[in-house]
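Protein chains: 2
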Amino acid sequence: MTTPSRSDIIARLINPRSIAVIGASADFAKVSGRPLKHLIGKGYEGRILPVNPKYPEIAGLTCYPSIEALPEAADLAIVAVPASDVLKNVEALGKRGIRAVVIFSSGFSEMGAAGKAMEEALTEKANALGMVVCGPNCLGFINAFSNVYATFSQYADGPTGAGPIAFVTQSGAFGTAIAALVRQRGLGLGYFINTGNEADVSFAELMMAVIEDPRVRVAAGYLEGLENGDELVRLARRCQELKKPLVLTKVGRMASGVRAAASHTGALAVTDTVFDAVIRQFGVLRARNEEQMLDMLEALAGPRIATGNGLGIATQSGGAGVMMADRAEEVGLTVPTLAPSTQAKLATVMPAFGAAGNPVDVTGEFVARPELLTESVVALLDDPNVHIAIVWLQLMTAHVDKLVRIFTEIRDRTSKPFFVCWVAAPAEALQRLRELNITVFTAGERAVEAAAALARYHAFLRQAAGAAPSPALPATGLPDLITEGVQPTALATEWLSKAGIPMAPAALARNADEAIKLWRTYAAPVALKIESPDITHKSDIGGVLLNLNDEQAVRNGFQTVMKRAADKEPEAELQGVIVQAMSRGHIELVVGVQRDPVFGMVVMAGLGGVLVEVLKDVAFRRAPFDVAEGERMLRELRMTALLDGVRGQSGVDRHAIASMLSTLSRWAAAMEPVLAELDLNPVLVGSSGPVAVDCVMVFREKAGTNPPDKLQSKTREGNEHAHQKRLFETR
Amino acid sequence: MTTPSRSDIIARLINPRSIAVIGASADFAKVSGRPLKHLIGKGYEGRILPVNPKYPEIAGLTCYPSIEALPEAADLAIVAVPASDVLKNVEALGKRGIRAVVIFSSGFSEMGAAGKAMEEALTEKANALGMVVCGPNCLGFINAFSNVYATFSQYADGPTGAGPIAFVTQSGAFGTAIAALVRQRGLGLGYFINTGNEADVSFAELMMAVIEDPRVRVAAGYLEGLENGDELVRLARRCQELKKPLVLTKVGRMASGVRAAASHTGALAVTDTVFDAVIRQFGVLRARNEEQMLDMLEALAGPRIATGNGLGIATQSGGAGVMMADRAEEVGLTVPTLAPSTQAKLATVMPAFGAAGNPVDVTGEFVARPELLTESVVALLDDPNVHIAIVWLQLMTAHVDKLVRIFTEIRDRTSKPFFVCWVAAPAEALQRLRELNITVFTAGERAVEAAAALARYHAFLRQAAGAAPSPALPATGLPDLITEGVQPTALATEWLSKAGIPMAPAALARNADEAIKLWRTYAAPVALKIESPDITHKSDIGGVLLNLNDEQAVRNGFQTVMKRAADKEPEAELQGVIVQAMSRGHIELVVGVQRDPVFGMVVMAGLGGVLVEVLKDVAFRRAPFDVAEGERMLRELRMTALLDGVRGQSGVDRHAIASMLSTLSRWAAAMEPVLAELDLNPVLVGSSGPVAVDCVMVFREKAGTNPPDKLQSKTREGNEHAHQKRLFETR
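Protein chains in written order, with our numbering: chain G, -14 to 716; chain Y, -14 to 716.
Read the hints as simulated data drawn from the structure, not as lab findings.
For clarity, every value in this text was computed on a predicted model and none was experimentally measured.
Some clues are possibly wrong.
[Stated by the list, open to error] Pairwise CB distance ranges (calculated):
| no. | chain 1 | residue 1 | chain 2 | residue 2 | range |
| --- | --- | --- | --- | --- | --- |
| 1 | Y | Thr258 | G | Arg447 | 34 to 42 angstroms |
| 2 | Y | Ser482 | G | Ala626 | 35 to 43 angstroms |
| 3 | Y | Gly143 | G | Ala452 | 47 to 55 angstroms |
| 4 | Y | Gly143 | G | His640 | 54 to 62 angstroms |
| 5 | Y | His640 | G | Ser635 | 38 to 46 angstroms |
| 6 | Y | Ala353 | G | Ala626 | 52 to 60 angstroms |
| 7 | Y | Asn532 | G | Val595 | 21 to 29 angstroms |
| 8 | Y | Glu105 | G | His640 | 51 to 59 angstroms |
[Stated by the list, open to error] Listing some non-contacts, in silico: residues in chain G with all C-beta distances to chain Y over 10 angstroms:
| no. | residue |
| --- | --- |
| 9 | Gln139 |
| 10 | Arg431 |
| 11 | Glu573 |
| 12 | Leu596 |
Idealized CB from N, CA, C, for every residue including glycine.
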């Protein structure tokens, strides 16, 4: 027998043929009894193997006195014993040949240093024995397709019929609430998994396993922290291949929330802005809270494809139409003017006091004339500019039958997605429509947001299908032996220029004559900047002179800059003065590369010079990315319109900037082993494209021939914050 | 008998002692039968007087053959007859001495020109007869306190028990949906009023009537358009006096929505930004949609006062705590660190794995130890920095009794407001808590938003209580006879200076010698600007020269500016050149006064020079306002931090800018009869405070000795848009 791979073990963990319950209780109200209750009660067809020396049998099942006494190496063991007994049980399980364990027990890393040490010992032991551990401190999981109830969650107490949604949650309590809300909506969970402390198996690994199940159509996750960005990116890519949307809610968006997250969960608080940007880059939909998650799941669970972002609205209330049109504009949908043929069709069915535009106001008249509603919505969905439709109505308690017939007919006569938004709907109406696979919401703005998510998801799939495969990363052109810390400006400029990044020409002058020679070479006005590994804020000490364009000025300038630096920073090593050709450009960008503690090399672009700091108008992407992604990045900036020219200023070439960003991202990815950070600030953009006029490149400590292993997370996060701060300071 | 005032008639309309139903039907399913059904069925105690020649009696009530035959001049008549018969019925009612009418009939201004003409005739007739008309094209209204069902709304079909909320809606269909949602939440409507076309009585007039009812504690309104801003401001002020919160939802926030509003409702689409700013200025809470409205109503219906914006959070899930803390920060609440005494108290009750910070994580342990939850929340609410608390939990289907007891005890032991947020709550739990007047939500972010609304409302009441009464408006110092259109720069500068607005000194030079003389007077570098009523964009034709500081430069400059203007605009009347002392300031504001079609004189302030256009970073206030309001205005700007200094720039005096805005607002209010618009762009702000360095003042057409009456709305709106556009252009 070959040793199964980790992913094989995880696949078996979520779909076991036999389950041992360690510490099983005959009291089904107890944590250690509840899995048995549900496994038996809900009809698990595999073998159930309770282990507890106290009982010879539980509910007719043979109960084994010890792990050693188990008749087989079960595919999965549930461990529900006190924390202090977990390690020895896991060891016994491993020795009995059991490879997958879910541990309910709390009292580990969530309980301070002693607990943390115990958790580390647990992970080490499990890994040594080739085992996979889910938890500890988790509610366990449900595989509703196979009636696997390896959980003590309250959620299992109600009906848990399987459906197309797989839900993995880092939080037990919040996750249980979300699962219950999914049930309330009549959507089914195929999988419900609580990952707990993730001592071993992670959120992404478990999600990666469940999305392979062909019965799963949509993946939903609740996150509080994330250690491994690569795993999440791999998961997102696999979801994209499978064309299964992944919806994530992650708490900890703001400073106060991050503080709370740090104190509550101990999870690493990934910088939210980067998380948000990177998951969008890879087609993951982010839901800001549980309600929006449910709305997105409801929209995405349907089979229909939105081939564009045009929203058609049919409503019984003009005001509701206005509200939805407003929201549509805010969330990136259009509310297109209808084609003349559609307008003509609508004119034949509409009452005189209705409105045949978009939104279509069918008024309450459809109660008397059902065809009014049917034909209006069909016409709307037939319009070439409409890709998704929402029908808004309210109450109509007396007309549920009629309306269910109308919506069924609309469903049967159309192929584009449409949502019913039924405010203050009779419960019966919601249930019947959902049984007919008709997507239904109960609030207009939420229906619009869900439509936008659907459109965005399908747009991403189209975009991803059209993208060229990414070429191999470039050679970095670095020498074999490099030093850590701030790199010499002239070298950094040279490397970046060779990599294809537009840099203002710059070289080091060690004396005034060299400076004059460089000025002559450039045949243009020059800037002089002090060069020292010890001076970061050159401007602050008067170490920068601009626009020098005659021999005397350059000569004097060199002396001035050197003298000022020597006076202000007597300890600093002064290597000379950087002579740089002045560049022009009426738009100022800030561009940078950061090493994100979770996602690795990340490129940042911002607009607005001094205002970058005030407005935080920056966009991030994980490196590497293509030019189209660079263009999307620019469009994300709030001040993006500046690039097109305002108040008579000429616009600039977005493609050229995007191309610079993409080139930089590929270089940054290749530099992953050594690069700590890079700031190009400012990058000036004029009619001839972007050019970086300042550059600070920092290599990692202990970098070079001997790249370090994964850094300690805390340190990395600290570095990253210091870096961000620095980006926003003047030099 | 004295003639009753309009407000007396409206007060009687909503609380009539007798109701005539014109066109009453014995078929209670019909629009004209439904009011009778509910008046009888729900126990209206006044006299019901059906009028229809077809029946001698309906449901035991005498039915009168004609209006003339009515035995009394009923306090209210319901008119439910075809549109073409409305006018003659109203006339007959007026002659019979009936002063208040609600007209259900549609087919008026919502149906095009003919309908509009009919509606105007109706209004004219009613006014001539001293009558008040609600509608037409409305669902009518309910006064649930007195069982007045002058409506055919579906809402009346269910239970309509009276409660503390008065709801007035311009939309019938959407309004009915909102009323039904209020009922679903277990909140009661005291009044439900649909205003329809508002041919006569307006939204604000009806709301003004209902808020006087002492049983009403909260007012809620749904708006699609607004003609009369003064009325709304009066309403807001009255609500403030009565300490009754007013919550408004208005659709038409975005361009697409406004377009839809224009086509659907015909209502005037008030510029939403101004609406939003003005209602906030007067303490009105805006709910962006019906769900947020309900959340706010739920929070505001309680009696407890939030004396600050500190939010305490107790939760069963760390993640939910993080999410709520995040949202709190976004909506203006703080999540304060707890006082040491609170932390000590929490430490004594908390389990080791909980968290005693804020959020407090009580974990699920409270099921076993109820005092854990009770004592934690009481300690939280006792903390001096906590002004409102939210307790988050989920499911707990088996523990409803226990939790209801816990929350009742918390209620009894505390006086600060607290909300329960119970996700996926059993329906029974929600109902029981609401019966105990314990405010309960079902989603964390929504609970936080509602808490923010409560805190904001009470902060407004405190602020309004502390504000000094506004002094009389200043004299404008205008001559008796003034001309319409663009005013001469020198005069405008003089008037504004006299009014106390800091203006860069400027005067007209008709020749070069006068220009030189002015330069000598100012003893400072000057700007020269062409002066012509026909040239708005002075820079575009080279009509502006800056920083001239010697005699020859000023002389040449004068000639240059005059020649360029003559060459580029040969038809323009050139009055000379404005000579203006140059001002300094590193921050650029744009300040303006606009005549809003709905709210009248409105002051605008923006930041960011060229970026004002890109970011639309502007704030509005209705004139006049005090300095504190000016400061709030500045704090609203997204780039407000610029005023405090960034990247080593020094900060500026916010009070001085706010004072300028306040002075300008009082001058603008005094200038209401004549001022069309004023732009001060830019206003430079440096260490010595703000100074306006350009000024365009426009008086209204036909202004002056003979101020025009209310302008046609459409025209006013057109003007206003043109003006806004102009503000964003360079001169």
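Hints, verified against the model:
1. Y:Thr258 / G:Arg447: 34 to 42 angstroms: Since the Cβ atoms of threonine 258 of chain Y and arginine 447 of chain G sit about 35 angstroms apart, the hinted range of 34 to 42 angstroms holds.
2. Y:Ser482 / G:Ala626: 35 to 43 angstroms: Between serine 482 of chain Y and alanine 626 of chain G, where Cβ atoms are some 36 angstroms apart, the hint holds.
3. Y:Gly143 / G:Ala452: 47 to 55 angstroms: holds, 54 angstroms
4. Y:Gly143 / G:His640: 54 to 62 angstroms: Check passed, 60 angstroms falls within 54 to 62 angstroms.
5. Y:His640 / G:Ser635: 38 to 46 angstroms: For serine 635 of chain G against histidine 640 of chain Y, whose Cβ atoms are near 40 angstroms apart, the range 38 to 46 angstroms holds.
6. Y:Ala353 / G:Ala626: 52 to 60 angstroms: The hint (52 to 60 angstroms, Cβ to Cβ) holds, given that alanine 353 of chain Y and alanine 626 of chain G are roughly 58 angstroms apart.
7. Y:Asn532 / G:Val595: 21 to 29 angstroms: holds, 23 angstroms
8. Y:Glu105 / G:His640: 51 to 59 angstroms: holds, 58 angstroms
9. Gln139: Check fails; 5 angstroms does not lie beyond 10 angstroms.
10. Arg431: Non-interface label on arginine 431 of chain G violated, nearest chain Y Cβ at 8 angstroms vs cutoff 10 angstroms.
11. Glu573: holds, 12 angstroms
12. Leu596: About 7 angstroms separates leucine 596 of chain G from the closest Cβ of chain Y, which leaves it inside 10 angstroms; violated.
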